[in-house]
Amino acid sequence: MRVHVKPGSRRGPAVEEGPGGMLVVMVREPAADGKANAAVERVLAEHLGVAPSRVTIVRGHTARIKTVRVD
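Residues 13 to 83 in this note's numbering are what the sequence shown lists, from first letter to last.
Derived by calculation from the structure, the hints in this document are not laboratory data.
The model shown is predicted, which means the values in this text are computed figures rather than measured ones.
Don't be surprised by glycine CBs; every beta carbon is placed ideally from N, CA and C.
Treat the hints loosely; a few may be bogus.
Stated by the list, open to error - Pairwise CB distance ranges (calculated): (1) GLY46 x ARG66: 16 to 26 Å; (2) ARG22 x ASP83: 26 to 36 Å; (3) HIS59 x PRO31: 17 to 27 Å; (4) ARG54 x ARG14: 11 to 21 Å; (5) GLY32 x HIS59: 13 to 23 Å.
Claimed, not checked - With a straight-line cut-off of 25 Å between C-alpha atoms, the simulated SDA-like cross-links for lysine to any residue are: (6) LYS18 x ARG81; (7) LYS47 x HIS73; (8) LYS47 x GLU58; (9) LYS18 x GLU41; (10) LYS47 x ILE77; (11) LYS18 x ARG71; (12) LYS47 x SER21; (13) LYS18 x GLY30; (14) LYS18 x ARG40; (15) LYS18 x LEU35; (16) LYS47 x ALA63; (17) LYS18 x VAL70; (18) LYS18 x LEU60; (19) LYS47 x VAL82; (20) LYS18 x ARG54; (21) LYS47 x ALA26; (22) LYS47 x ARG14; (23) LYS47 x VAL15; (24) LYS18 x GLU28; (25) LYS18 x ILE77; (26) LYS47 x PRO64; (27) LYS47 x ALA57; (28) LYS47 x ALA75; (29) LYS18 x ARG76; (30) LYS47 x PRO25.
Please construct the entire structure, taking both the sequences and the accompanying hints into account.
And the structure:
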């Protein structure tokens with residue numbers, strides 16, 4: 013699945029539906045040292061009701077639009 017990430021958001025952590033059905037994931041963590049990526053995996057896992065270890069970013073580690081795999 014593809015998600016749009018908004019790091020450093022004051023509204024986070026939250027997940028909303030964006031344009032075209034893409035999920036928008038807002039996290040408070042900054043986009044530095046992988047902190048935002050870890051937060052995205054955690055927030056998405058909570059939103060989807062799965063364990064955080066089952067959510068993995070597979071593409072877009074340094075981009076705002078990421079491809080995420082949920083096992």
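Structure versus earlier hints, numbers of those that do not hold, lowest first
Result: no hint breaks.
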